[in-house]
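> Read off the chains here:
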Amino acid sequence: MLDEAVIQRTLGAALRTGGEFAEVFVEDKRSSSAMLDDGRVEELSSGHDRGAGIRVVVGDTTGFAHTADLSEGGLRSAAEAAAAAARSGGGGVKTVELTRRETTPLGPIAVMPQTVGKGKKVELLRRADEAARAEGGSIKQVRARYGDSRRQILVANSDGLLTGDDQVRTLFVVSTVAFGDTGMQTGYESVGRTIGFELFEKHEVEDIARESARRAITKLDARPAPSGTLPVVIGPGGGGVLFHEACGHGLEKDLIDKGASVFKGRMGEQVASPLVTLVDDGTMVEEWGAYAIDDEGSPAQRNVLIQDGVLTDYMWDFLRSRKDGRPQSGNGRRQSYQHLPMVRMTNTYMVGGKSEPDDIIASTDHGVYVSSLGGGQVNTATGDFVFGMTEAYLIENGEITEPIREGNLIGNGPKVLTDIDAVGHDFAMGHPGMCGKDGQGVPVGDGVPTLRVKALTIGGTAA
Amino acid sequence: MTDLFEVADLVLAGTEGDEQVEAYVARSRDAQVRVYEGEVEQLSTAETLGVGVRVVRDGRQGFAYCGTFEPGAVREALVEARDNAAFAEHDEWAGLAEPDGVEPPEVDLWRSDLLEVPTERKVALAVELEHAIRSADPRITGVESCDYADATGELAVATTTGIRRNTRSTNCQLVGYSLADDGEASQTGFGFSLGRSFDDLDVEQAGRDAAERATRMLGAVKPQSAKLTVVLDPWVTAQVVGIVAGTLSAEEVVKGRSLFAERVGEQVGTPLLTLVEDPTDGRTWGASEIDDEGLASRRVPLIDAGVLAGFVHSTWTGRRTGTASTGSAVRGGFKSTPGASCRAVVPTPGQASPDDLIAGIDEGVLIQEVFGLHSGVNPVSGDLSTGAQGLRIRGGAVAEPLREFTIASTIQRLLIDIAALGNDLTWLPMSAAGITLVIDDVAISGQ
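Just so you know, the protein sequences line up as chains A and B, in that order.
Quick note, the first sequence lines up with residues 1 to 463 if you use the working numbering.
Quick note, the second sequence lines up with residues 1 to 447 if you use the working numbering.
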C-alpha cells in the first residue's frame, strides 16, 4: 500500500520530538451497498475511503493525527501534528528498522464481492422482497439491504513491525412490517460473514426474508410483556448480546484500569455460575467479528475470559498490555484510520453445556422465553445493563405459549452471571452486530446455547 | 485552502446529457483532548473531508462517495454514481432539489475566535473540569474521562438543477464522566457544557453536574413494580421527543412505517403539547441555514396543542406526496444520501417550574437517566421500554435514589398521558431541546 522507505521516514518524523512509540496505520476501504424499499430497488451506493492515522506515545500521553493525503508530504504533516500533540522534552533523530511480518489469512475469500456484477446483487434484493411478501398478506412493507466491504490495512510501528491484512465482509439484512388488528409489528433478520459473495452459496436470501416476515407476523398476536422479575430462558444463538453487555465490556482492560468496571480486582475469583465458560475469539473463520490481525498489527487470538465461572483473563490493546508488561491479546481495534485503537471484543460467546434444551424450558414453571435479542447497553461501573427482546414468548407451566410485545430486559452483570442455572448443549452463533464504544463502531459476533437466568427484570407494561 | 465550490464544480463539469448531478462537499476540522489524572491522555487533530455524488438519470438514482478531494477520485465517484443509477428501478418521483424561492434564515453559527484558541488553553480547561469534578464531593473516587472537543464544519451543495449554497459552523464541548463510591457500590455521572465559542463553556456547571449526577445515585435501590406518575428531566425528555419526532418523517409515512400516517389534523396527544421543528433557531444543536439538499431551513409545526400538524419532507417525499420539501433533508455526512428527518425539535414550555411540578406529586419517580432506548423502542409498533434511574418522589419532594428498573408505555399512550410541561426549556446536543415533562400512569418494572 505504501513504500517501505516512506513509512520508515514517516515514523522517523513522528519520533522527532522524543516519542517512545510511533505507529502508522494505513487503510484503504471500498464498500458497496444496494437497497430495496417499498417494492423498488431504490439505490446503489459505492464508497472509497483511504487514509492514514498516525499516533505517537510519550509516557501516558498519546498524540494522534490522520490524513487522507497519502503522499510523503501528507504523511509527514500528519506525523508532525501527532508528534506535536504528544511532545515531550526529548528530541533527536531516531531511525526505525522495519521487519515485514506476513499475515496468515483466516480463510480464503472465494468470490471477491467487487468482481460480482451489480445486477446479481440487485437480483438478491428482488428475491428477498418476493419471498417476504409471500409469507402472508399481512406483510405490508419490506426493506432489503445488501452490503459488502473490502478493508485493506497496513500497520507499521517503531518497534519495527510491518504487517497488513485484507478483510472482506458481506452482509444481507431484511426488515419487514406486518399489519394486523393490533397495529404494526416489525421483523428483522440478518446474515453477515467475514467472507465474500460465496455467502449466498451458504445462505438463501429467501430464508433470511422468510424468517424476518415470520417474526413480524408472529408479533401481531403478541400480548403486552409482563413487568417484574421472572426466570428468563434464552434460545440458542439469539442471546449472545447478554454476555457482550453483562460482562464483555466490563472485562476490557482500559475500563478496568480507570476503575470503571465492577470486575476490577476480581481476577481468579468465582464471578459466575460454574456453568459459565466465556470466550472471546477473533480467529473464528468467517464470523462477523473475525480478522487475521487487529488494528495494531497483533494476530487475533482465542482468549478464555471466564472458565467454569472463574475470571481468567481481561482483554487488552497495545497500550494496556505494554503498561502491564504482558503480550497483546489481539483486541486492539478501531473504526477507521480516523480513530485511535482501543480495547474491543471480537466474537464473544458462551460455551455449550450439558442440559437438554427442552428440559430447561419444561422445568421453568412461569417465565419468559427469548428467542431473539436486539441491541443492548451497559454501565460497566455499576454493572447494570439492558437489552431488547425482539422475539419473545411467555413460558407457562413448562411450555412456550403466547408471543409478547417488544421491550427491554434489565439486570446487573455480576448478579446475572451467578444466576445462570441451566445451560444447554445446543450452542449456536448469533447475528452480525455492530458494537459501539466511545463513538466508534466495529463489527462483532456473539453466540450462546440455550440458557436460563433465574431472575431478570422484564420491562413490560402488564401487571 | 481548496474552496468547496471548486470541488463541486469539478463534479458538475462531468455531467452527461440531461442527467441531474448533485455534489455534496464537506470538510471538518476537529480537535480533541482527553485528560486523565491531570495529564493529557490523548490529543488528536484532524481534517476530514469528502464528496458525495448523486446522479439521477431516467428516473433512477445512483450514489457514490470518496473521502478525499483528489480530482481523480472525485471524477471516479461521479462515474460510479452514474453506473449505480443504471441498476436502480425507475421512480417517477426521483429528482434533485430545485430552487424554491425560500431564502435561508440568518443563523450565525460561526465563531472565528474558536479557531484562535491555542491547544494549551483547551488542555487547561479539560484539566480544570477534572479537578472541579474531583473536588466537588469527597465521595467522588475518580473521573473516567474528561474531554474537550471542538470542530469547524463547512458544507457546499451544488446541483445541475440550480442549487448552489454553502454554510459553516463551529462548536465546542466539554464533557466529564465521574465515578462515586460509598464503599458499597459505584455510581456514575456526567456533566457537560456546549457552545459555539470557547468562552461559552461553563466548567463550573459541568463539574457540579458530573459530581451531583454520580453522588445522588449512591445507595440506590431497585423499586417495586408499579404504575406511577413519572417526571422526565430535560435530558431524558429530549431523547423521548427525538423518538417521537422520528415517526413524523414523511419518508416513514409514505413507506407505511409511521404510527401517525393518515392522522394529520387529529388529536394525537394532550392539548398541552406543542412541538415545532425549528432549525432556524440558532440555540438548537441542529440549527443550520440550509438542509442537506441545499434548501433553506424553515420552521415546521409538528404537533399543535395535541393536534398532528404535519410531517417533515425532503425533496423526494415532497414530490411523492404532492407537496414540497420543508427543508428537512438530513444526511449522515457525505457518505450517505438524504432522508427526511427532524434535527431541531422545540417543545413549547409550560408555566410551572420543575420544583413546583414535583411538589404537586404525592408518589412518583423523577427519571434522570435512561439507557437502552435504541433497543427498547420500536418506532413502528410504538412499543417503548427503557432502562432508567432516578429519584423517588414522595409527598411532593425527591427522596431516595432508584436504579435497575424500566419504564414502559407506547409512543401513542405517552403523548396522551402527558400531564404537564415545565417552564425550563433546555438546549441540549440532540435533535430535540429538553424540558421537564410529567407523565401519568407509566409502568415501572422492578422487583
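Since the hints were made in silico from the structure, they are not lab data.
There could be a bad hint or two in this list.
[As the list claims (entries may be wrong)] Label pairs and their calculated CB-CB ranges:
| id | chain 1 | residue 1 | chain 2 | residue 2 | range |
| --- | --- | --- | --- | --- | --- |
| 1 | B | D356 | A | G183 | 32 to 42 Å |
| 2 | A | P108 | B | P99 | 52 to 62 Å |
| 3 | A | N397 | B | E262 | 36 to 46 Å |
| 4 | B | E19 | A | M1 | 29 to 39 Å |
| 5 | B | Q447 | A | E102 | 35 to 45 Å |
| 6 | A | D221 | B | G72 | 53 to 63 Å |
| 7 | B | P118 | A | G183 | 49 to 59 Å |
[Stated by the list, open to error] Subject to a maximum C-alpha distance of 20 Å in a straight line, what follows is the list of computed DMTMM-like cross-link-like pairs (lysine to aspartate or glutamate):
| id | chain 1 | residue 1 | chain 2 | residue 2 |
| --- | --- | --- | --- | --- |
| 8 | B | K255 | A | E130 |
| 9 | A | K454 | A | D313 |
| 10 | A | K118 | B | E262 |
| 11 | A | K140 | B | E262 |
| 12 | B | K222 | B | E184 |
| 13 | B | K255 | A | D37 |
[What the hints assert, rightly or not] Chain B regions said to be covered by chain A (calculated; three or more residues, Cβ under 8 Å):
| id | stretch |
| --- | --- |
| 14 | 341-352 |
| 15 | 398-405 |
Quick caveat: nothing in here was measured; it's all calculated off a predicted structure.
C-beta atoms are modelled at their ideal positions from N, C-alpha and C, and glycine is treated no differently.
> Evaluate each hint against the coordinates.
We went through each hint and held it up to the structure:
At roughly 37 Å, the beta carbons of B/D356 and A/G183 sit within the given window of 32 to 42 Å. For A/P108 and B/P99, the hinted distance range of 52 to 62 Å is satisfied, since their beta carbons lie about 53 Å from each other. Restraint check, A/N397 to B/E262: a C-beta distance of roughly 42 Å satisfies the suggested window 36 to 46 Å. Taking 29 to 39 Å as the suggested C-beta distance range, the pair B/E19 and A/M1 conforms, at roughly 34 Å.
Taken as a hint, the range 35 to 45 Å is violated for the pair B/Q447 and A/E102, whose Cβ atoms sit roughly 57 Å apart. A beta carbon spacing of about 57 Å between A/D221 and B/G72 agrees with the range 53 to 63 Å that was offered as a hint. B/P118 and A/G183 have their C-beta atoms about 57 Å apart, which keeps the hinted 49 to 59 Å range intact. Of the supplied pair hints, the one linking B/K255 and A/E130 holds, its CA atoms being roughly 17 Å apart against a limit of 20 Å.
Of the pairs offered as hints, the one joining A/K454 and A/D313 is violated, with about 26 Å between alpha carbons and a cut-off of 20 Å exceeded. Restraint check for A/K118 and B/E262: not satisfied, since their Cα atoms lie roughly 37 Å apart, outside the 20 Å limit. A hinted pair counts as satisfied when its Cα atoms are at most 20 Å apart, and A/K140 with B/E262 qualifies at roughly 16 Å. For the hint linking B/K222 to B/E184, the alpha-carbon distance of about 15 Å falls within 20 Å, and the restraint holds.
Restraint check for B/K255 and A/D37: the C-alpha separation of about 8 Å stays at or below 20 Å, so the hint holds. Beta-carbon proximity to chain A at under 8 Å applies to 0 residues in the stretch 341-352 of chain B; the threshold of 3 is not reached and the given coverage is violated. For the stretch 398-405 of chain B, the stated coverage by chain A is satisfied: 3 residues place a CB nearer than 8 Å to a CB of that chain, which reaches the threshold of 3.
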